[in-house]
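Counting from 1 along the first sequence, just add 64 to a position and that's the residue number in my numbering.
Read the hints as simulated data drawn from the structure, not as lab findings. You may find that some hints are simply not true.
List time: in silico DSBU-like cross-link candidates among lysine-lysine, alpha-carbon distance up to 30 Å [to be verified]:
| # | residue 1 | residue 2 |
| --- | --- | --- |
| 1 | LYS247 | LYS174 |
| 2 | LYS451 | LYS432 |
| 3 | LYS386 | LYS359 |
| 4 | LYS526 | LYS456 |
| 5 | LYS395 | LYS350 |
| 6 | LYS526 | LYS409 |
| 7 | LYS310 | LYS350 |
| 8 | LYS247 | LYS203 |
| 9 | LYS456 | LYS538 |
| 10 | LYS367 | LYS405 |
| 11 | LYS138 | LYS164 |
| 12 | LYS409 | LYS420 |
| 13 | LYS174 | LYS220 |
| 14 | LYS542 | LYS451 |
| 15 | LYS126 | LYS164 |
| 16 | LYS174 | LYS159 |
| 17 | LYS420 | LYS460 |
| 18 | LYS126 | LYS345 |
| 19 | LYS450 | LYS460 |
| 20 | LYS350 | LYS247 |
| 21 | LYS202 | LYS164 |
| 22 | LYS326 | LYS405 |
For each label pair, taking beta carbons as the anchor points, the in silico distance ranges come out as [unchecked claim]:
| # | residue 1 | residue 2 | range |
| --- | --- | --- | --- |
| 23 | LYS402 | GLY516 | 48 to 58 Å |
| 24 | ASP137 | LEU180 | 42 to 52 Å |
| 25 | GLY408 | LYS526 | 34 to 44 Å |
Quantities reported herein were computed from a predicted structural model and do not represent experimental measurements. Cβ coordinates follow ideal geometry from the N, Cα and C atoms, glycine included.
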Amino acid sequence: MKVRTRFAPSPTGFMHLGGMRTALYCYLFAKQHGGDFILRIEDTDQERYVEGAVEVIYSSLKEGGMDYDEGPDKGGAYGPYVQTERKDIYLKYAKELVEKGGAYYCFCTKERVESLRDENGNVRYDKHCLKLSPEEVKKNLDAGVPYVIRQNIPEKGVGSYEDAVYGHIAVDYSELEDGVLIKSDGLPTYNFANVVDDHLMGITHVIRGAEYLSSTPKYNLMYDAFGWERPVYIHLPPIMKDATRKLSKRYGDANFDDFISKGYIAPAIVNYIALLGWCPKDNSEKMTMQEMIEKFSLDGVSKSPAIFDEVKLRWLNGEYLKAMGDEEFYKISEPFRKLSKTYGKYDGRLIAALLKPRIEIMSEIPEKIDFLEEYGEYDTEMFCHKKMKTDKELAKTVLPMVYDTLSSLSEFTHDSIHDALLGLAAEKQLKNGQVLWTARVALTGKDVTPGGAVEMAEILGKERSLERLEFSMKLLEK
RNA sequence: GGCCUCAUGGUCAAGCGGUUAAGACGUCGCCCUCUCACGGCGAAAACAGGGGUUCGAGUCCCCUUGGGGCUACCA
65 MKVRTRFAPS
75 PTGFMHLGGM
85 RTALYCYLFA
95 KQHGGDFILR
105 IEDTDQERYV
115 EGAVEVIYSS
125 LKEGGMDYDE
135 GPDKGGAYGP
145 YVQTERKDIY
155 LKYAKELVEK
165 GGAYYCFCTK
175 ERVESLRDEN
185 GNVRYDKHCL
195 KLSPEEVKKN
205 LDAGVPYVIR
215 QNIPEKGVGS
225 YEDAVYGHIA
235 VDYSELEDGV
245 LIKSDGLPTY
255 NFANVVDDHL
265 MGITHVIRGA
275 EYLSSTPKYN
285 LMYDAFGWER
295 PVYIHLPPIM
305 KDATRKLSKR
315 YGDANFDDFI
325 SKGYIAPAIV
335 NYIALLGWCP
345 KDNSEKMTMQ
355 EMIEKFSLDG
365 VSKSPAIFDE
375 VKLRWLNGEY
385 LKAMGDEEFY
395 KISEPFRKLS
405 KTYGKYDGRL
415 IAALLKPRIE
425 IMSEIPEKID
435 FLEEYGEYDT
445 EMFCHKKMKT
455 DKELAKTVLP
465 MVYDTLSSLS
475 EFTHDSIHDA
485 LLGLAAEKQL
495 KNGQVLWTAR
505 VALTGKDVTP
515 GGAVEMAEIL
525 GKERSLERLE
535 FSMKLLEK
């Protein structure tokens with residue numbers, strides 16, 4: 065049988081990393097088995113619906129490289145893929161479940177249900193309406209009395225199943241309550257819709273967060289009552305912000321889009337979250353999507369919560385950046401270079417190439433290069449460097465030589481500057497560092513720069529380099 | 001509160017009865033080097049606690065502690 069998995073988010077906000085990882089595992093598992101990955105929108109909670117959230121789900125999955133085979137914007141043989149568009153289907157199956165004894169109509173008012181609240185504040189429905197005779201039910205229905213449809217959970221017995229990650233799970237039915245399947249607005253709750261849809265859409269493997277671990281026996285009861293085959297369950301441990309808080313949209317820092325705008329790239333994010341809760345057999349860390357598809361395996365999925373570590377994500381992102389071609393980095397870094405005051409004034413390709421191995425996320429770009437535009441009076445103590453064997457007196461003699469050397473250059477390229485400066489050092493019997501350190505300080509007025517004297521001169525260009533050398537020579541005379 | 005569930009360095013994690021308890025990030029040190037970064041080498045750093053089972057337990061069982069989840073006409 066063909067494997068079919070589904071990612072079923074509710075459009076209540078932005079795409080957060082926890083959901084992203086669930087989608088990823090669904091995708092990896094399906095693709096590994098040559099199966100289909102389906103996107104279904106669970107929008108039965110009208111109150112939490114957020115405008116635009118569906119589009120974010122589409123674009124995030126696409127950016128993340130998780131192309132779904134069927135979905136609302138893609139079509140497929142099992143549509144529609146939006147639950148509110150499937151309303152009639154649920155009601156039909158709910159009625160069928162009532163016939164089969166797995167559910168029943170409930171006409172109780174909210175007030176009455178509220179009055180059932182126990183000392184812990186938990187409401188547990190007392191099956192009051194289960195005792196209604198068919199005639200009474202029909203009478204109420206005909207009279208248009210508002211109703212919900214509740215699941216009929218056995219009062220005794222144990223519901224158990226084998227989870228592919230957590231193993232044997234057993235819950236006593238007495239712990240479960242007769243939850244609402246169809247709400248008074250006629251829409252189904254998640255508890256019902258997911259069962260009906262997963263069956264109708266031929267989902268073979270249900271992959272979702274571990275928060276459903278203990279309610280799964282309720283779903284199995286429905287599968288059984290309908291006479292449907294239960295899917296394989298694969299529950300996933302949560303991703304945490306820290307030891308006690310789950311990573312959630314509420315903190316506003318777990319959105320995929322936020323990471324993109326901070327200068328992380330999608331493949332790195334996806335690669336990183338894959339590692340939260342899963343470890344490939346060979347312990348690989350940096351993997352392409354294709355490699356992840358090949359290596360994915362359920363016995364490598366862990367059961368314990370994983371804390372999201374942005375420091376490691378940064379590192380991985382940096383690895384991706386370093387492995388990227390210069391031209392590609394030049395292109396994707398454009399929006400971030402634009403944020404710098406140097407934008408448009410220097411050779412963008414040179415700057416990009418210099419930056420690529422030195423940053424982990426692209427939002428670091430402006431601060432790394434803005435110094436190019438901040439040249440001015442600086443502390444000449446920087447010329448003193450013990451290890452380089454440099455000091456101010458040396459600078460006074462070296463700088464004019466550097467000036468002459470550079471000004472005589474007809475071609476101002478990395479190689480020509482490099483050869484000229486090293487040639488100067490050799491000729492004057494100086495250490496490379498004595499010339500280069502001195503030149504770099506004079507050119508930038510900084511003790512730390514991304515790149516050495518040669519790179520700095522190249523970026524600044526001949527005219528600006530000479531100006532700055534001149535400025536530095538005067539500064540030293542003061 | 002009840003029920004489900006989890007527990008190896010700071011973090012991600014390998015391990016699936018016998019190992020000097022991997023690896024990665026981070027931290028620190030050294031090397032390379034014109035600073036920074038890259039790269040290379042190295043170090044510190046863990047089986048939550050207590051009982052069993054066993055010749056032998058991080059690995060199996062129980063309890064304790066701690067964490068997470070469920071307990072909605074939310075998903």
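Do the hints match the structure? See the list:
In summary, the hint linking LYS247 to LYS174 is supported, as the alpha carbons are separated by about 12 Å, within the 30 Å threshold. Proposed proximity of LYS451 and LYS432 is supported: the alpha carbons are some 25 Å apart, at most 30 Å. Under the criterion of a C-alpha separation no larger than 30 Å, the hint pairing LYS386 with LYS359 is consistent with the structure, at around 24 Å. For a cut-off of 30 Å, the pair hint linking LYS526 to LYS456 stands: about 24 Å separates their Cα positions.
Simply put, LYS395 and LYS350 have alpha-carbon atoms about 23 Å apart, close enough for the 30 Å limit, and the pair holds. Simply put, LYS526 and LYS409 have alpha-carbon atoms about 14 Å apart, close enough for the 30 Å limit, and the pair holds. Pair hint LYS310 plus LYS350 holds up; C-alpha atoms about 25 Å apart against a cutoff of 30 Å. With a C-alpha separation of about 20 Å, the suggested pairing of LYS247 with LYS203 holds against the 30 Å cut-off.
Restraint check: the Cα-Cα separation between LYS456 and LYS538 comes to about 12 Å, which is no more than 30 Å; the hinted pair holds. Using a Cα cut-off of 30 Å, the hinted pair LYS367 and LYS405 is violated, with the two alpha carbons roughly 48 Å apart. Distance hint between LYS138 and LYS164 is unfulfilled; the C-alpha atoms sit about 35 Å from each other, more than 30 Å. Distance hint between LYS409 and LYS420 is fulfilled; the C-alpha atoms sit about 19 Å from each other, no more than 30 Å.
With a CA separation close to 26 Å, the supplied pair LYS174 and LYS220 stays within the 30 Å bound. Under the criterion of a C-alpha separation no larger than 30 Å, the hint pairing LYS542 with LYS451 is consistent with the structure, at around 25 Å. A threshold of 30 Å between alpha carbons decides the hint, and for LYS126 with LYS164 the separation of about 42 Å lies outside it, so the pair is violated. Note on LYS174 and LYS159: the hinted pairing holds, with a Cα-Cα distance of about 22 Å set against a maximum of 30 Å.
Taken as a hint, the LYS420 and LYS460 pair is broken in the structure, with Cα atoms around 34 Å apart against an allowance of 30 Å. Proposed proximity of LYS126 and LYS345 is supported: the alpha carbons are some 27 Å apart, at most 30 Å. A hinted pair counts as satisfied when its Cα atoms are at most 30 Å apart, and LYS450 with LYS460 qualifies at roughly 17 Å. Restraint check for LYS350 and LYS247: the C-alpha separation of about 46 Å exceeds 30 Å, so the hint is violated.
With a C-alpha separation of about 17 Å, the suggested pairing of LYS202 with LYS164 holds against the 30 Å cut-off. The hinted pair formed by LYS326 and LYS405 meets the criterion: a straight-line CA distance of about 18 Å does not exceed 30 Å. Checked against the hint of 48 to 58 Å, the C-beta distance between LYS402 and GLY516 comes to roughly 26 Å, which is inconsistent with it. Judged by the Cβ atoms, the range 42 to 52 Å given for ASP137 and LEU180 holds: they are separated by roughly 43 Å.
Distance hint check: the CB atoms of GLY408 and LYS526 are about 19 Å apart, inconsistent with the given range 34 to 44 Å.
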